[in-house]
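> The residues making up each chain are set out below.
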Amino acid sequence: MNIHEYQAKALFEKYGVPVPKGAAATTPEDFVTALAQLPEGPTMVKSQIHAGGRGKGTFTDGFKGGVKFCKTKQEAKDLAGKMLGNTLVTLQTGPAGRKVQTVYFTVASSIKKEYYLAILLDRATSMPVIVASTEGGVEIEKVAHETPEKITKVLVDPAYGLADYQVRELIFKLGFTGAEAKNAGKLIRNLYNCFWDTDAAMVEVNPLITTPEGEVLALDAKVSFDDNALYRHPDIVALRDLNEEDPKEIEASKHALNYIALDGNIACLVNGAGLAMSTMDIIKHFGGTPANFLDVGGGASKEQVVAAFKIILGDKNVKGILVNIFGGIMDCNVIAQGIVEAVKEVGLKLPLVVRLEGNNVTAGKATLAASGLTLTSGDTMADAAQKIVKLVA
Amino acid sequence: MSILITPTTKILIQGITGEFGARHTRLSLDYGTQVVAGVTPGKGGQVFEHAGHKVPIFNSVADAAKATGASVSAIFVPPPFAADAILECADAGLDLAVAITEGIPIKDMVRVKRAMQGKKTRLVGPNCPGMVCPGPGKDSHGGCRIGIAPGYINKQGHVGVVSRSGTLTYEAVFQLTSLGIGQSTTVGIGGDPVNGTSHLDVIKLFNADPDTHGIIMIGEIGGNAEVEAARWIKANCKKPVAGFIAGATAPAGRRMGHAGAIVGGAEDTAAAKIAVFKECGIEVAVTPSDMADALLRAAKAKGVKLS
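Protein sequences, first through last, are from chains A and B. Note that this note's numbering gives residue 312 to position 264 of the first sequence, counting from 1, and the numbers run on in steps of one. Note that this note's numbering gives residue 98 to position 106 of the second sequence, counting from 1, and the numbers run on in steps of one.
Do not rely on the hints blindly, as some may be mistaken.
Unchecked claim - Cross-link-like lysine-lysine pairs, in silico, BS3-like; alpha carbons within 30 Å at most: (1) B:K105 / B:K35; (2) A:K296 / A:K230; (3) A:K332 / B:K292; (4) B:K270 / B:K230; (5) B:K105 / A:K270; (6) A:K350 / A:K438; (7) A:K201 / B:K297; (8) A:K201 / B:K105; (9) A:K190 / B:K270; (10) B:K130 / A:K332; (11) B:K270 / A:K413; (12) B:K46 / B:K105; (13) B:K226 / A:K201; (14) B:K231 / A:K234.
It should be emphasised that the hints constitute simulated quantities derived from the structure, not laboratory data.
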């Protein structure tokens, strides 16, 4: 689960990670009250969407920049008016962009130097890793690729936690001295506590900055959480912004279906994440484009299949459907009955290819054949994929 | 004849009285698996009955292992209690804990993995379909089925299958069996980013097993476990290996069902992994329908008989 920058910064403050003073607003009326909390002077206005590259983004009405520096609060108020309700397109949003429903005002800090700091899971060692660099405010992937020596990684032993010598190592590598070193040390430790306590999947501060006054501040904040651990963090679940999620994905999660919308025109309905991914791949392999990832899980019911059909048909780009089920334990006949019921209920007009294999497959195929529905059956994944690609072409 | 388990391995089921655990205990008993004990804290002394089988239930893993000689556990307990269940297996000194549970918090697994360092117990999973060692009977009856995989699609034989994904494992096994090629052991290592046994661990075991003549390795986007295994294969494994990677069309930054199936950088894409497979002499299945055929090609090239 992702949260907005303003929410992440509030969380940081709770854990003692200093951030520039700021206030969020969701309506033009709120602008005044939000800005009243900030001192007079240079102010930043930042569009709040769950995607990176906001500063370099462009709004669909042509207005450039989802993050703006303003000399005065009045200017900030004016620019916020241009962002709120407008749709921002960045490298990460896709061409459709995201509607800005919250803007965040912050004090514009004077920057002495920019750094990079993140904490995430290192999969190779199964330990948390702190990643830091003297190259902040730029794409870290680029730094890692071009100047890997400028990146420091510290693995944290989960049995012991973050050790003092490790914090010192980071401080020395980043070149902090004096008051900055003391402040940075405190910030790193508090950020680690925030990561660990909240079951975060990642906390990223880019840039982390120093000011001429010796302060060390998180100028930006990107935080995501481990979905598996949300059950023990109701306060974090409360930060979920449904506006940032695809309505079809929200509907799917209500039926315990795993759905991700994509750009293509062949919808797929599959059991199992690995099989669902490779069903998308095989569609592409034979020249088609998948409209979605959809995993109905290991024990899908008739109701879930019906719900799944409704969701994939809610995507107006869909021109055909491929159902690929390997019923290991799951009864293929139950799936077949679900398909028949769903097709009748939603009045399907699009081409449908069904590939069923596994437990009780003969009965499943008989159910489909006896239903009178116009559908094509595929014997293998390859056969089914080729058929649906041809049908939508 | 197999790795980690044999058809006579005695297993216990943690969470045997839950709906999920009970259902798959029945299926394992039907398959002829030696399910000798169940564990549900507070229900010790009760008996799990199915089709003439009477499986005693214990309050703890240690009690169950001591009384029945079970050396392997299949874990079906819900996510909030699963990490504890795994640690209990390690404490009881079992050989193997197979965690089927999906949805365990990553932090719990980070801590469990650290706590198991230096312990005798091997962990497979979590979020995995488990393992199957096919038996000699009809539809491989009489084998050891730990977890949720369909046993009947297997056939006793000489191919090892290792995969992160359940249904893709079944797909591969089904293709093999349809061609008359049997399996020594199939191992589902699970789709989570932090898991016990890795692709490489299983590959090493298959390589050392004289009864495994060929290997199918199935991976996904995310992480570098498949790459690590492929490089080891290049240097150490003489057996024919076929590989498949799912997720070529997955968009970056989106979690594709499995918590571990997410493209983070240029290194963990399907294309990058497939390139390493090819470089390491692994025969790549072009589509998931091609997994068994890919292994046949690899075996032919090396002059190895699979059945």
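> For the pair supplied as a hint, K46 of chain B and K105 of chain B, is the alpha-carbon distance within the 30 Å limit?
With a Cα-Cα distance of about 34 Å, the restraint between K46 of chain B and K105 of chain B is violated, given a limit of 30 Å.
> Compare the distance between the alpha carbons of K201 of chain A and K297 of chain B with 30 Å, and conclude whether the hinted pair is satisfied.
violated, 47 Å
> Keeping to a limit of 30 Å between CA atoms, is the pair of K226 of chain B and K201 of chain A held or broken?
Given pair K226 of chain B, K201 of chain A holds - Cα atoms ~29 Å apart, limit 30 Å.
> Checking one constraint from the list: CA of K270 of chain B to CA of K230 of chain B, max 30 Å. Satisfied?
holds, 15 Å
> Is K350 of chain A close enough to K438 of chain A, meaning Cα to Cα at most 30 Å?
With a Cα-Cα distance of about 28 Å, the restraint between K350 of chain A and K438 of chain A holds, given a limit of 30 Å.
> Holds or violated: K105 of chain B and K270 of chain A, Cα atoms, limit 30 Å.
holds, 27 Å
> Holds or violated: K105 of chain B with K35 of chain B, Cα cutoff 30 Å?
holds, 28 Å
> CA of K296 of chain A to CA of K230 of chain A, is that 30 Å or under?
violated, 48 Å
> Check whether the Cα positions of K231 of chain B and K234 of chain A lie no farther apart than 30 Å.
Distance of about 53 Å is beyond 30 Å: violated.
> Need the status of pair K270 of chain B, K413 of chain A: alpha-carbon distance at most 30 Å?
violated, 38 Å
> Is the straight-line distance between the alpha-carbon of K130 of chain B and that of K332 of chain A 30 Å or less?
Answer violated: K130 of chain B to K332 of chain A is near 38 Å, above 30 Å.
> Regarding the pair K190 of chain A and K270 of chain B, is the alpha-carbon distance no greater than 30 Å?
Given pair K190 of chain A, K270 of chain B holds - Cα atoms ~27 Å apart, limit 30 Å.
Hint violations for this structure: numbers 2, 7, 10, 11, 12, 14, all remaining hints satisfied.
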